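For any residue, its number in the working numbering is found by taking its place in the sequence shown, counting from 1, and adding 9.
Source of the hints: derived by calculation from the structure; they are not laboratory data. Keep in mind it's a predicted model, so treat the numbers as computed, not measured. One or more hints might be untrue.
[What the hints assert, rightly or not] Ranges of calculated distance between the beta carbons of each label pair, as one might list FRET restraints: (1) Arg92 / Ala43: 30 to 36 Å; (2) Ala76 / Glu137: 23 to 29 Å; (3) Ala84 / Ser129: 39 to 45 Å.
Ideal Cβ placement from N, Cα and C applies to all residues, glycine included.
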Amino acid sequence: MKNLFACLSLCLLLAACASPLLHDERADERAADAAAAQALAASAPPVSEALDPWLQAQRARIETARADATQRFEADEKACWRRFAVNACVRAARSDRRSVTDRLRQEELAVNEVERQRTSQARLRQLEEKQRSAAPQ
C-alpha cells in the first residue's frame, strides 16, 4: 500500500512538472522580442535630429507588418478548412499570428516610449527656459 501511495505521489509530481503552465515555452521568444524592441528604440535618431520622420516610418512599417500577418493568417485559416485536422491547423495559424503581433506590439511600445521621452524632455526644456526668463535679474 505504501509503495502504491509513493508511486501515485511520484506520478502526480511528474505530471505537475510536465505541466505547460510551469514551462513557458514562449518565454525565450518574448524575451528576444523585448530585446529587439529595445534595440529599435536605441536606433532612434539623436536628440539633435528630427524624430517625426523616424516615428512615421516605424509606425508605417509596424502597420504594414501587422496587415501582412493578418492576411497570412486569413490565407492559412482558409487552407486549414481543406484539411482533416482543422482545429490543430487553425490553432497553429493563430499561434503564428500571435507571435508576430506580440513582436510588433513590443516594437510599437518601444517607439511610443521614445516619443514619450522626447516629448517630456522638450517640455522640461521649455519649463527651464521659462523659469530662467522669469527669474529676477
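Here is how each hint holds up against the structure:
1. Arg92 / Ala43: 30 to 36 Å: With a Cβ separation near 34 Å, arginine 92 and alanine 43 satisfy 30 to 36 Å, so the hint holds.
2. Ala76 / Glu137: 23 to 29 Å: Violated - the Cβ-Cβ distance for alanine 76 and glutamate 137, about 42 Å, lies outside 23 to 29 Å.
3. Ala84 / Ser129: 39 to 45 Å: Between alanine 84 and serine 129, where Cβ atoms are some 42 Å apart, the hint holds.
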